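Engineer: Chain residues, written in single-letter form:
6 protein chains.
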Amino acid sequence: MSLTPELRAALAAVSSATIHTILLKQGIRRTFMTGPQSLTGSTDRFVGEAFTLRFVPAREDVATPASWGNPISTRAAIEEMPAGVIVVADAMGVRDAGIFGDILAVRMAKRVVVGLVTDGTMRDRVGVLASGLPIWCAGIAAPSSVNGLTFVGWQEPIGCGGVAVFPGDIIVADGDGAICIPAAQVERVAKEGPEQELFEAWLVGEVEKGEKLPGLYPPNEENKARYAAWRAKK
Amino acid sequence: MSLTPELRAALAAVSSATIHTILLKQGIRRTFMTGPQSLTGSTDRFVGEAFTLRFVPAREDVATPASWGNPISTRAAIEEMPAGVIVVADAMGVRDAGIFGDILAVRMAKRVVVGLVTDGTMRDRVGVLASGLPIWCAGIAAPSSVNGLTFVGWQEPIGCGGVAVFPGDIIVADGDGAICIPAAQVERVAKEGPEQELFEAWLVGEVEKGEKLPGLYPPNEENKARYAAWRAKK
Amino acid sequence: MSLTPELRAALAAVSSATIHTILLKQGIRRTFMTGPQSLTGSTDRFVGEAFTLRFVPAREDVATPASWGNPISTRAAIEEMPAGVIVVADAMGVRDAGIFGDILAVRMAKRVVVGLVTDGTMRDRVGVLASGLPIWCAGIAAPSSVNGLTFVGWQEPIGCGGVAVFPGDIIVADGDGAICIPAAQVERVAKEGPEQELFEAWLVGEVEKGEKLPGLYPPNEENKARYAAWRAKK
Amino acid sequence: MSLTPELRAALAAVSSATIHTILLKQGIRRTFMTGPQSLTGSTDRFVGEAFTLRFVPAREDVATPASWGNPISTRAAIEEMPAGVIVVADAMGVRDAGIFGDILAVRMAKRVVVGLVTDGTMRDRVGVLASGLPIWCAGIAAPSSVNGLTFVGWQEPIGCGGVAVFPGDIIVADGDGAICIPAAQVERVAKEGPEQELFEAWLVGEVEKGEKLPGLYPPNEENKARYAAWRAKK
Amino acid sequence: MSLTPELRAALAAVSSATIHTILLKQGIRRTFMTGPQSLTGSTDRFVGEAFTLRFVPAREDVATPASWGNPISTRAAIEEMPAGVIVVADAMGVRDAGIFGDILAVRMAKRVVVGLVTDGTMRDRVGVLASGLPIWCAGIAAPSSVNGLTFVGWQEPIGCGGVAVFPGDIIVADGDGAICIPAAQVERVAKEGPEQELFEAWLVGEVEKGEKLPGLYPPNEENKARYAAWRAKK
Amino acid sequence: MSLTPELRAALAAVSSATIHTILLKQGIRRTFMTGPQSLTGSTDRFVGEAFTLRFVPAREDVATPASWGNPISTRAAIEEMPAGVIVVADAMGVRDAGIFGDILAVRMAKRVVVGLVTDGTMRDRVGVLASGLPIWCAGIAAPSSVNGLTFVGWQEPIGCGGVAVFPGDIIVADGDGAICIPAAQVERVAKEGPEQELFEAWLVGEVEKGEKLPGLYPPNEENKARYAAWRAKK
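Chains as they are written, first to last, in our numbering: chain E, 49 to 282; chain S, 49 to 282; chain C, 49 to 282; chain A, 49 to 282; chain B, 49 to 282; chain H, 49 to 282.
Among the hints, erroneous ones may be present.
Since the list gives no way to pick out one identical chain from another, each pair is judged satisfied if it fits inside one copy or across any two copies.
[What the hints assert, rightly or not] With a Cα cut of at most 30 Å, we get these calculated BS3-like pairs of lysine-lysine:
| # | residue 1 | residue 2 |
| --- | --- | --- |
| 1 | 282 | 158 |
| 2 | 281 | 73 |
| 3 | 239 | 73 |
| 4 | 260 | 158 |
| 5 | 158 | 257 |
Hint data in this document are derived by calculation from the structure and do not stem from the laboratory. Model, not experiment: these values are computed from the prediction.
Using the sequences and the hints given, assemble the complete structure.
Structural biologist: So this is what it looks like as structure tokens:
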């Protein structure tokens with residue numbers, strides 16, 4: 049997936065909630081990652097191509113501090129990250145090992161990584177927050193990654209929060225969490241998403257005016273016409 | 049249960065923690081819903097009669113966006129909600145489907161629903177918070193309800209957070225979460241609750257003065273007398 | 049373990065993340081408690097000798113409000129707590145019973161308890177926060193301890209958040225959570241910890257300057273020399 | 049759904065595994081109940097219309113032995129069961145309460161109930177097995193239903209093992225567990241199922257002869273033709 | 049609790065299911081251990097006074113093979129076990145550490161231990177079965193206890209499968225699992241239990257004759273009289 | 049790892065329990081897979097080099113029946129399996145998708161695969177058992193793999209049952225379950241294992257004669273000498 053500036057801008061205006069609905073209407077339901085939530089509580093939205101990291105469980109003979117210097121290591125992976133990506137790390141939901149701390153977060157920020165999404169945890173809360181890197185994770189834990197995880201590679205297909213993520217898929221993360229748009233669906237989402245957001249804004253306005261839900265959402269013919277008229281004036 | 053203004057006011061002065069203790073002394077232990085917590089972190093307290101909603105798991109042939117227009121739908125249920133109720137939604141603890149988003153939250157607020165309690169999640173964090181509806185839930189997820197749930201009815205007995213809730217029970221929700229007062233226990237709670245709160249306030253004061261716990265809480269005869277004297281002056 | 053003021057001061061300068069790494073290098077991995085997190089979200093760090101509390105599951109004939117007056121009770125345990133300890137309560141991860149509320153929290157604060165760590169929950173959020181006692185817990189629940197727990201003793205070996213804690217071990221709790229330093233490891237941690245923190249501060253500085261990770265962390269010979277030179281100037 | 053003898057016979061020849069594949073090809077994935085397994089380990093297959101039972105969590109004021117005599121009780125429900133149904137009980141996966149023991153199992157067998165499926169547990173293992181009623185459950189537990197459950201009704205939509213079941217759906221249970229065929233899909237399954245079983249029998253035969261998988265399953269044109277020839281001779 | 053031969057014999061005739069019902073009618077619900085099931089699948093019943101063992105989580109500095117020779121060790125505990133007890137081991141539900149293997153099982157059998165109940169797992173399936181010791185456990189795992197557990201003592205209050213067990217309580221284990229009778233309730237159970245079993249046997253007989261459930265179980269006045277007449281002839 | 053016939057024979061005489069203890073003494077604890085158990089309940093032991101399979105979660109656009117014909121498919125992987133391996137499949141513990149049914153099990157048996165280990169489930173219980181392939185799995189489920197899983201590759205590092213498994217590691221599976229011997233540890237295990245089994249056999253014999261545990265296991269000097277004498281006669 050080549051994420052053009054136009055696609056990036058279009059997606060930045062579409063909530064993860066709306067994206068999920070568009071994909072569900074295509075029969076694709078398993079796209080929202082359960083577990084990762086914004087570490088700061090921010091509701092800002094970020095968009096990027098997925099750059100995947102993969103861990104397997106720790107084994108004491110291979111998951112050691114010495115392994116951090118291996119050719120296959122999180123350090124090496126970080127140096128391969130292009131600017132603009134969102135890193136998605138498959139930590140198998142492990143909660144007793146922080147996959148990254150301040151040093152690696154700072155380096156990712158330096159490499160202009162847009163954000164980090166993981167179903168695992170981070171460590172060094174203070175330092176990680178200071179890095180400014182936008183992070184969606186399942187919590188904080190003091191131990192280093194090797195306490196519970198062995199790093200095995202990058203840019204492979206992974207699972208994260210119950211969702212299959214392939215390199216080239218597009219990630220959108222906001223105040224509801226992180227969603228994976230399959231590469232083949234990105235143009236559809238970029239096209240339908242802003243329209244759907246507009247319709248929902250109209251709906252909220254109608255409800256605020258006191259309209260009842262039945263017939264409004266989903267709309268009956270009358271309300272479809274009312275919306276079309278409103279839409280035409282935009 | 050008819051929740052008179054007097055009962056409502058009395059209960060508003062009793063914490064969910066104190067309510068639980070009063071019910072436990074009656075042998076009723078399973079009344080506190082595990083999972084729902086205030087979405088905003090507010091510690092304000094709300095009281096209302098339970099209006100129940102019931103979901104079963106999603107099945108792709110029935111849990112569809114088209115189902116939102118069915119006669120049995122969350123939309124229809126919302127239009128049946130009387131002012132002053134607290135909605136309790138049995139989402140079976142499902143975490144990958146937001147039961148409601150901004151549009152429905154705004155409509156519930158319009159209908160003067162007092163609050164919403166669910167063991168599931170909400171979607172559209174930004175819009176839901178903007179609605180002003182007080183919400184106790186188990187988290188946020190971008191997908192719509194049909195991703196994980198099929199709506200099947202309202203004002204039926206349900207389970208929520210491990211607690212049986214019947215229409216007519218009274219819900220109190222505050223900074224500790226949400227508790228269900230069986231309808232037959234409401235008058236007792238409204239009567240004993242404020243007294244218990246007064247006693248606990250006295251206890252905190254005594255402990256702040258440096259009193260030791262044994263003999264004070266639970267109180268021995270001497271401390272019962274001291275409290276009685278203090279109480280008499282109120 | 050006698051926690052001298054010197055040891056206490058040294059440990060206060062070492063993050064729980066760094067402590068874990070030092071212990072892991074000794075082959076001791078299971079020291080970080082999964083579940084307890086700061087109730088206020090504070091990232092302040094606290095250090096104290098472990099004072100342990102032990103619960104077993106509730107049984108309706110023994111876990112009663114009347115049991116609060118027993119010789120073996122949380123009240124009695126609190127009166128045995130020396131100043132300066134961190135209380136660690138084994139609540140077996142139970143989420144439907146708050147182990148302590150405001151009254152007991154205020155009393156612990158009066159006794160100059162440094163903090164409370166539990167894999168269970170607290171109750172009376174408002175009152176507990178008002179007590180000022182630093183707390184790491186797994187959440188908030190309105191029910192009292194006897195709803196889910198029977199208190200059976202203090203200063204025994206316990207498990208908390210998946211970690212074995214013995215009286216005399218040292219607890220450090222901060223923004224990442226709570227870690228247990230086995231008594232025999234405290235001097236090592238107090239000695240190596242501040243050095244490691246210094247090294248990591250240098251690393252962060254280097255990365256902020258744009259240094260790449262491979263060769264830097266872990267350091268190759270060149271970077272070891274650069275750090276030694278920097279360190280020598282401190 | 050009217051389950052004719054013809055449909056019943058056709059479905060009895062189709063494995064739950066094959067049924068799932070047929071439904072999945074229609075986009076209906078969530079039909080297999082996770083949890084219920086044959087209590088005896090039998091691999092026999094049973095077919096029946098779903099007769100649903102619904103429980104909510106226990107509450108000590110309503111979930112009592114006295115409640116067994118209520119108009120809404122498991123006893124009353126059993127007397128409403130027509131011959132030939134498979135009872136599906138939504139026990140919310142609760143493991144500390146046996147929904148039925150020997151007495152009720154014997155009564156269901158007397159009423160010519162075909163089988164019982166639940167995501168909860170049974171009690172009185174010896175007596176329940178002696179009843180001869182085919183049972184798929186998630187285990188055995190000594191406590192009675194009221195220990196963990198409150199019975200609230202029958203022939204309502206329910207969830208069981210993560211699957212939505214509506215009265216009128218058809219249940220097939222065998223050595224792999226229990227599956228729910230939505231009423232609208234029964235004829236399709238009864239028609240396609242036996243064909244699919246025939247094809248799979250041919251496949252197993254081919255593999256036993258030493259055929260490789262690629263090109264065989266799924267079949268390429270050559271193998272489709274070979275199968276068609278084999279099929280024509282049947 | 050002194051378990052006289054008379055009490056032992058009386059309890060041996062009462063199922064764990066019936067015991068639970070008797071205790072529940074006293075308001076004591078949490079007595080059945082969730083997790084332990086007969087390792088052989090036997091439905092034989094065993095009765096004994098509880099002899100408790102307590103584990104906390106493993107920590108690599110103390111949970112070592114060398115610790116097996118400590119004064120506080122499972123070996124030392126076994127040598128303290130009186131004949132006739134049922135050992136109940138609190139393994140906190142840990143599934144990756146077998147608390148005992150063949151050698152210790154054989155030694156317990158030699159000491160005329162009646163049975164072993166744990167919410168953890170056993171190791172050495174073949175050898176443990178060969179020992180003939182009746183065992184209720186939550187599964188089998190190859191690792192030794194120190195892989196996940198640290199042994200800390202015996203004859204202390206413990207939790208097992210969600211139930212509080214105190215030394216002196218009586219354990220009954222059969223085909224439904226294991227239940228704890230609080231010491232103060234043993235005489236009641238021994239007295240009411242056999243009567244209840246007789247009544248249930250009559251009920252099963254009536255249902256087998258074709259009686260309907262309502263009015264029979266629980267019995268109305270007519271059926272109470274019929275049972276009384278039947279009972280009088282016994 | 050080249051698994052010579054000598055190594056294979058040596059390992060076949062060592063239980064998974066003993067293997068775990070030998071590895072634990074090397075500081076390697078996480079080697080036993082939690083979840084997989086023998087499908088037939090057999091206690092036979094099998095040894096083979098690990099051949100790994102990797103799944104990620106299902107996504108409806110890629111996990112389809114059509115995907116079974118892809119170049120990267122379980123079918124293609126099976127045709128790559130050398131004789132004598134034990135297949136280890138990372139199914140992430142998913143329980144609602146059987147990774148293989150009868151057709152693929154028969155093909156694996158044809159390819160002289162020694163066994164299959166997975167933390168997921170199998171489907172087609174009857175057919176899979178008929179294939180004769182020894183299987184350790186976490187249960188049975190009717191749905192096909194694509195219901196919950198997407199197959200992504202073979203002979204990669206994986207996690208299975210909480211254990212890291214690399215191609216070339218050696219798997220031993222028996223009545224206790226399945227363990228992974230890191231390639232670098234195989235010779236040690238093959239050498240020490242049979243000796244340890246002999247020692248344990250002697251221990252069991254001593255305990256059966258009535259020996260007490262303290263001083264015997266672990267052995268004191270006297271018992272070490274007694275064992276040495278016994279060993280010398282073998």
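Engineer: Take the hints in turn and mark each one as holding or not.
Structural biologist: Quick rundown of the hints versus the structure:
Proximity of residue 282 and residue 158 under a CA criterion of 30 Å is satisfied inter-copy only: 27 Å between copies versus 40 Å inside one chain copy. Within a single copy, residue 281 and residue 73 get their C-alpha atoms as close as 27 Å, which meets the 30 Å cut-off; across copies the closest is 43 Å, which misses it. Within a single copy, residue 239 and residue 73 get their C-alpha atoms as close as 14 Å, and across copies as close as 28 Å, so both meet the 30 Å cut-off. Taking the shortest alpha-carbon separations for residue 260 and residue 158, only the inter-copy value of 10 Å comes in at or below 30 Å, while the best intra-copy value is 50 Å.
When the C-alpha separation of residue 158 and residue 257 is checked against a cutoff of 30 Å, the pair qualifies only between copies, where the shortest distance is 9 Å, while the shortest distance within a copy is 47 Å.
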